[in-house]
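Student: My request is simple: use the sequences and hints to build the entire structure.
Okay, so the sequence shown: first residue is 267 according to the working numbering, each after it adds one.
Calculated from the structure, these hints are not laboratory results. Here a beta-carbon is modelled for each residue, glycine too, at the ideal position from N, C-alpha and C. A portion of the hints provided could be inaccurate.
[To be verified] Label-pair ranges, simulated between beta-carbon atoms:
id, residue 1, residue 2, range
1, Asn433, Gly397, 20 to 26 Å
2, Leu434, Val494, 21 to 27 Å
3, Glu361, Pro320, 25 to 31 Å
4, Gln409, Arg306, 31 to 37 Å
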Amino acid sequence: MNNPVDISQRKFFRAKFSKTKEAVFISHLDLVRCLTRCFRRADLPLWYTQGFTPRVYLNFPLPLSLGVEGEREFFDFAVIAEKSAVEISAAEIRERLNEKLPDGLHIIDVYEPQNAVADIKSAAYEISANGDITKQFEEFINQERILSKKHTKSKGMVEIDIKPYINLQKITFETLKTYIKIILPSGSTLNINAGVFVNALAEFCGVSPENFYSKRTEIFTEDGHEFV
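Tutor: Below, the structure is given as structure tokens:
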């Protein structure tokens, strides 16, 4: 069992990381396990929560869906200051972790959090599909309603109209692929991820959702600034 640690001896950090290549198929729970092992192998003193069942403190402000690539993802953690005679710098934490992380996971930056998790309001995605579907997409986006199924904690799976929440930024066709850039609401108040959007688009086009590839490129606060 971990010994109790005075909370004044812990220091909080936020890590910005990317999740690409084969790593997109690592589930959220497996990602937590992977990072926990990497912290241990990097000899970084992670802080554990207190109580009867202590657990490592790793908090993801907006967990990424399985199969979705992430260019700028985040997780919060805390280290125990007393475990090191010399305080570990954010840069050293980044370097040590990157030496132990598997291919497809990369720490971009480590710093002290500036935004609260509750500040998250939206996220930008890039959806790609083989072939030219620009005409189909125009018909899709011009529908009076765009219905899609979404899982909720209180009611389970429900069907909602997502059209009011789709902020279309750009659609292009290049190198035999169609690229759709959108911003969707994210966070604790309302969260519509890329999967909800892709399921509706795939059904409209009469193809499998697997024909589309999703990438989350940015997470924003209510004022439109990057979450940091």
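Student: Work down the list of hints and note, for each, if the structure agrees.
Tutor: Hints, one by one, checked against the model:
Between Asn433 and Gly397 the beta carbon distance is about 24 Å. The supplied range of 20 to 26 Å therefore holds. In this structure, Leu434 and Val494 meet the distance hint of 21 to 27 Å, their C-beta atoms being roughly 26 Å apart. Between Glu361 and Pro320 the C-beta distance comes to about 27 Å, which sits within the given range of 25 to 31 Å. Separated by about 51 Å at the C-beta atoms, Gln409 and Arg306 break the suggested range of 31 to 37 Å.
Comparing the model with each numbered hint stated earlier shows that hint 4 is the single one that does not hold.
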